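K.L.:
Each chain is listed here by its residues.
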Amino acid sequence: MSVTLFYECLGAALLAIGLAGFATRSAALQRLLAVNVVGIGVFMWLVATAYDPVAPDAVPHALVLTGIVVAVSANGFALALLVRLARREAEADDEASPR
Amino acid sequence: MLLNFRSFDTLLEIGVLFLTLVAVRALGLVWPVRRLRPAPSPMLAGLVRLVVPLAVVAGAYLLWAGATAPGGAFQAGAVWAGALVLLRLADSPLVRAFHRNGLAAAGVGVFAAAALAAYVLTGTLLMYPRSTAGIWILVIEVAAAFSIAAILYRLFAAEPNAEMPR
Chain A
1 MSVTLFYECL GAALLAIGLA GFATRSAALQ RLLAVNVVGI GVFMWLVATA
51 YDPVAPDAVP HALVLTGIVV AVSANGFALA LLVRLARREA EADDEASPR
Chain B
1 MLLNFRSFDT LLEIGVLFLT LVAVRALGLV WPVRRLRPAP SPMLAGLVRL
51 VVPLAVVAGA YLLWAGATAP GGAFQAGAVW AGALVLLRLA DSPLVRAFHR
101 NGLAAAGVGV FAAAALAAYV LTGTLLMYPR STAGIWILVI EVAAAFSIAA
151 ILYRLFAAEP NAEMPR
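Just so you know, the protein sequences line up as chains A and B, in that order.
All residue numbers for the first sequence refer to this note's numbering, where the first residue is 1 and numbers rise by one.
All residue numbers for the second sequence refer to this note's numbering, where the first residue is 1 and numbers rise by one.
One thing to keep in mind: the hints can contain errors.
[As the list claims (entries may be wrong)] Looking from chain B toward chain A, a few residues come up when the C-beta cut is under 8 Å (computed):
| no. | residue |
| --- | --- |
| 1 | 13 |
| 2 | 24 |
| 3 | 29 |
[Stated by the list, open to error] Not the full set, but computed from the structure, chain B residues with beta-carbon under 10 Å of chain A:
| no. | residue |
| --- | --- |
| 4 | 12 |
| 5 | 21 |
| 6 | 49 |
| 7 | 53 |
| 8 | 64 |
| 9 | 67 |
| 10 | 100 |
| 11 | 127 |
| 12 | 130 |
| 13 | 151 |
| 14 | 152 |
[Stated by the list, open to error] The calculated label-pair distances, taken between Cβ atoms and stated as ranges, are:
| no. | chain 1 | residue 1 | chain 2 | residue 2 | range |
| --- | --- | --- | --- | --- | --- |
| 15 | B | 159 | A | 5 | 16 to 26 Å |
| 16 | B | 109 | A | 95 | 43 to 53 Å |
| 17 | A | 94 | B | 9 | 29 to 39 Å |
Please keep in mind that the hints were generated in silico from the structure rather than gathered at the bench.
Computed from a predicted structure; not experimentally measured.
We put the beta carbon where it would ideally sit given N, CA and C, even for glycine.
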């Protein structure tokens with residue numbers, strides 16, 4: 001099995017694991033982590049296609065670097081959303097509980 | 001590679017980082033200014049004293065070496081953001097300098113200004129004049145590194161506003 005094919009399969013496996021996690025978990029933080037795993041699977045696949053023993057293709061590498069930064073930003077935003085969601089649920093609980 | 005051949009991608013990428021900061025603010029999270037605690041634990045203080053200067057130097061090296069080796073603005077900004085997080089955990093007032101919105105916007109601003117200036121000078125957006133391209137890239141990278149560090153740190157340090165609307 002060639003190097004490219006091996007890491008492409010590994011990337012696809014990570015993507016599948018992440019999707020499965022996203023589909024089966026209901027907790028928000030766990031779903032965010034699952035989406036992260038999907039992203040990492042995509043990055044691994046991209047880097048695998050760029051493999052060449054003599055001169056690796058630099059364009060997918062640049063795409064992955066950009067993708068990592070954007071993924072970090074999206075994570076930051078998603079965590080802010082989670083904070084807001086937790087706030088909202090806490091306030092709903094306060095209202096629902098008997099005084 | 002990222003700053004000469006894919007400069008447009010990198011410009012938008014820094015723009016996305018800044019946009020994320022704006023979005024987090026729009027969700028109602030803020031950055032209250034805290035007072036320095038009288039005495040952080042000696043272990044934390046020792047760790048900060050050891051790690052932060054090393055991180056500053058490592059980030060500066062990554063920034064400079066990015067021209068010819070793996071490194072560059074994003075890596076330097078990320079290392080510096082780690083140092084800022086550590087300072088924040090120790091409640092150091094040093095982090096306050098990085099709370100300024102102008103600093104977060106400087107990366108996008110300088111990069112966009114350089115893109116427009118290149119357009120005026122050579123007729124193509126982001127086509128730096130070949131003889132001085134290295135200097136252009138360095139200026140952009142320095143501004144971007146500080147900006148990235150500020151944005152990443154503020155994404156970590158954001159807290160829910162006391163009167164957050166539902």
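K.L.:
Give a verdict on every hint.
P.N.:
Evaluation of the provided hints:
1. 13: Because about 5 Å separates residue 13 of chain B from the closest Cβ in chain A, which is inside the 8 Å limit, the hint holds.
2. 24: holds, 4 Å
3. 29: holds, 5 Å
4. 12: holds, 8 Å
5. 21: holds, 8 Å
6. 49: violated, 28 Å
7. 53: At about 25 Å, which exceeds the 10 Å cut-off, the nearest Cβ of chain A leaves the hint on residue 53 of chain B violated.
8. 64: violated, 18 Å
9. 67: Check failed: Cβ of residue 67 of chain B comes no nearer than 15 Å to chain A, outside 10 Å.
10. 100: violated, 19 Å
11. 127: violated, 18 Å
12. 130: Violated, about 20 Å.
13. 151: holds, 8 Å
14. 152: Since chain A brings a Cβ to about 7 Å from residue 152 of chain B, closer than 10 Å, the hint holds.
15. B:159 to A:5: 16 to 26 Å: Since the Cβ atoms of residue 159 of chain B and residue 5 of chain A sit about 47 Å apart, the hinted range of 16 to 26 Å is violated.
16. B:109 to A:95: 43 to 53 Å: holds, 44 Å
17. A:94 to B:9: 29 to 39 Å: Violated - the Cβ-Cβ distance for residue 94 of chain A and residue 9 of chain B, about 46 Å, lies outside 29 to 39 Å.
Checked against the numbered hints listed earlier, the structure breaks hints 6, 7, 8, 9, 10, 11, 12, 15 and 17; every other hint is satisfied.
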